[in-house]
Amino acid sequence: MAAAPAAPSDDGAYARGARILSLGIASTGVFTFAYFAVASHTLSPSEYGAVAFLWSVLFVVMSVIYRPVEQLLSRTLATSRALGGEAASLRTPLIIQGSFALLFLVVALAFKGPLEDRLESETLFWIFVGAALAYAASYFARGYFAGHQWFALYGGLVLFESIARILFPVAVAVGIASGQTAVALGILAAPFASLLVVPAALVRYRRREAAGELPTAPAAAPAGRGELREGADFALSVAMVQLAEQTLLNVAVLTVAASAGNALAGVVFNAFMIARAPLQLFQSIQTSLLPHLAGLEATEGREAFARAIRVTVLAITGFAAAITLGLLVLGPFAMDLLFDEAYDYGRLGLAAVGVGMGFHLVAGTLNQAALARGRARLAAGAWLLGAAVFVVWMVVPVIDDQLVRAETGYLAAAALLCALLTAVYRGGTPTRPAA
Numbered sequence: 002m003a004a005a006p007a008a009p010s011d012d013g014a015y016a017r018g019a020r021i022l023s024l025g026i027a028s029t030g031v032f033t034f035a036y037f038a039v040a041s042h043t044l045s046p047s048e049y050g051a052v053a054f055l056w057s058v059l060f061v062v063m064s065v066i067y068r069p070v071e072q073l074l075s076r077t078l079a080t081s082r083a084l085g086g087e088a089a090s091l092r093t094p095l096i097i098q099g100s101f102a103l104l105f106l107v108v109a110l111a112f113k114g115p116l117e118d119r120l121e122s123e124t125l126f127w128i129f130v131g132a133a134l135a136y137a138a139s140y141f142a143r144g145y146f147a148g149h150q151w152f153a154l155y156g157g158l159v160l161f162e163s164i165a166r167i168l169f170p171v172a173v174a175v176g177i178a179s180g181q182t183a184v185a186l187g188i189l190a191a192p193f194a195s196l197l198v199v200p201a202a203l204v205r206y207r208r209r210e211a212a213g214e215l216p217t218a219p220a221a222a223p224a225g226r227g228e229l230r231e232g233a234d235f236a237l238s239v240a241m242v243q244l245a246e247q248t249l250l251n252v253a254v255l256t257v258a259a260s261a262g263n264a265l266a267g268v269v270f271n272a273f274m275i276a277r278a279p280l281q282l283f284q285s286i287q288t289s290l291l292p293h294l295a296g297l298e299a300t301e302g303r304e305a306f307a308r309a310i311r312v313t314v315l316a317i318t319g320f321a322a323a324i325t326l327g328l329l330v331l332g333p334f335a336m337d338l339l340f341d342e343a344y345d346y347g348r349l350g351l352a353a354v355g356v357g358m359g360f361h362l363v364a365g366t367l368n369q370a371a372l373a374r375g376r377a378r379l380a381a382g383a384w385l386l387g388a389a390v391f392v393v394w395m396v397v398p399v400i401d402d403q404l405v406r407a408e409t410g411y412l413a414a415a416a417l418l419c420a421l422l423t424a425v426y427r428g429g430t431p432t433r434p435a436a
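Its first residue numbered 2, the sequence shown is counted upward by one per residue in our numbering.
Hints listed in this document are in silico derivations from the structure and should not be mistaken for laboratory results. Idealized CB from N, CA, C, for every residue including glycine. Incorrect hints may have been included.
[Stated by the list, open to error] Listed next, the in silico SDA-like pairs over lysine to any residue satisfying Cα-Cα at most 20 Å (straight line): (1) K113 <-> A259; (2) K113 <-> V130; (3) K113 <-> T182; (4) K113 <-> L95; (5) K113 <-> W127; (6) K113 <-> E123; (7) K113 <-> L91.
[To be verified] Quick list of the computed label-pair ranges, beta carbon to beta carbon: (8) T423 <-> L134: 29 to 39 Å; (9) S260 <-> D234: 30 to 40 Å; (10) R207 <-> G180: 41 to 51 Å; (11) R92 <-> G180: 24 to 34 Å; (12) V396 <-> G176: 19 to 29 Å; (13) A261 <-> G180: 18 to 28 Å; (14) D118 <-> R208: 48 to 58 Å.
Throw the hints in and build the complete structure from the sequences for me.
Spelled out as structure tokens, the structure:
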């Protein structure tokens, strides 16, 4: 006999979980920002640009091939728990994650020469490959934690990762180590350091489960071909979403690097840190939002579903307005203080990135609603269109100043994306995802 459906998480439990996760990821955003700020002071512009390029490509890889499985695992576990049915099988996410990691390795080795030439270092190439493979395990753990709403563990994992990463440029800054390789090794060490949290965390929770402090999950049913096909479809749709999102964040850096070199690419990268840092902060909200919404959708909690979206969008609007105002007043001064770049950042351009960041965050929230309602394909289409518009804008030299072109294009593309996902959210009949 199937168990009775579990009651959806109440707003208080969701809010507490989001707050716990926010503390971990907020600190992570600060440490990530600090990593590049310290690196910019310890490396030459060309060396810093290469490290920034390495991180940009790695972040694209992580987001496109690993984040989908994190989201799949999170949604599947949350839906299963909400319905009170059999425990979700991990076989499908494991197969997909392993396949993505193997595909990455094959492609990376095939393009070893061009990547080494672009990074100007064989060592940086192997750092890139090693870090990308290690993140496969790290992102799987994130999805498992999120699906069970173990947000404190999730926050601890990403916090431990970011602390390990920043230790390397700090070591260079104080004279313990030296050179570009020492700074870049922090990117490789970070995912391995994060995995040190996983065994202890799982042992602790298994002990609590054995003691009866946690509900014991029924045995999982074997994953069939239909489940694998559905999981792969969801993961591929989310992969397209992640590819488009990383295009929005990184295509400006990549196109500028190709046409003007690493130094100017580093300048553009710094400007887009205005968007990256808050996006990393609000990743905590999005991470906790998907399992929460999936549970509500599975148990017909429509009013609570809409309320969660509304509250999140209002919070984002206030946050983005405050950031944009701060950029108008102190933006150029702050950039000069934080980054060792002899470049005159315009306050209006920085404010444009701030407004675009607000649209981007709202789009991310609406995207989680679409995933919870089984509209992953529609969401993917919206993201791909928004990203394509930005790519065309960056390639066509409508504005000669490449930084200004990137700033204004990002604002326009993010606004378009937000409008498209609003239409996805408001239209059609929700399709309940299978557990």
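Between K113 and L91, is the straight-line Cα distance small enough, at 20 Å or below?
-> violated (33 Å)
Restraint status (C-alpha distance of K113 to E123 at most 20 Å) | holds (9 Å)
Given the range 41 to 51 Å, decide if the beta-carbon distance of R207 to G180 lies inside it.
-> holds (43 Å)
Starting from K113, check that the Cα of A259 is at most 20 Å away, please.
-> holds (18 Å)
S260 versus D234 beta-carbon gap, inside 30 to 40 Å or not = holds (37 Å)
Are K113 and V130 close enough, with their CA atoms no more than 20 Å apart?
-> Since the Cα atoms of K113 and V130 sit roughly 10 Å apart, the hinted pair holds (cutoff 20 Å).
Do the beta carbons of T423 and L134 sit within 29 to 39 Å of each other?
-> holds (37 Å)
Holds or violated: K113 with W127, Cα cutoff 20 Å?
-> holds (9 Å)
Compare the distance between the alpha carbons of K113 and L95 with 20 Å, and conclude whether the hinted pair is satisfied.
-> Violated, at roughly 27 Å.
Under the criterion that the straight-line Cα-Cα distance not exceed 20 Å, is the pair K113, T182 satisfied?
-> holds (18 Å)
Does 19 to 29 Å hold as the CB distance between V396 and G176, or does it fail?
-> violated (43 Å)
Between R92 and G180, does the C-beta distance stay in 24 to 34 Å?
-> Given range 24 to 34 Å: violated, Cβ gap about 44 Å.
Against the hints set out earlier in the document, violations occur for numbers 4, 7, 11, 12.
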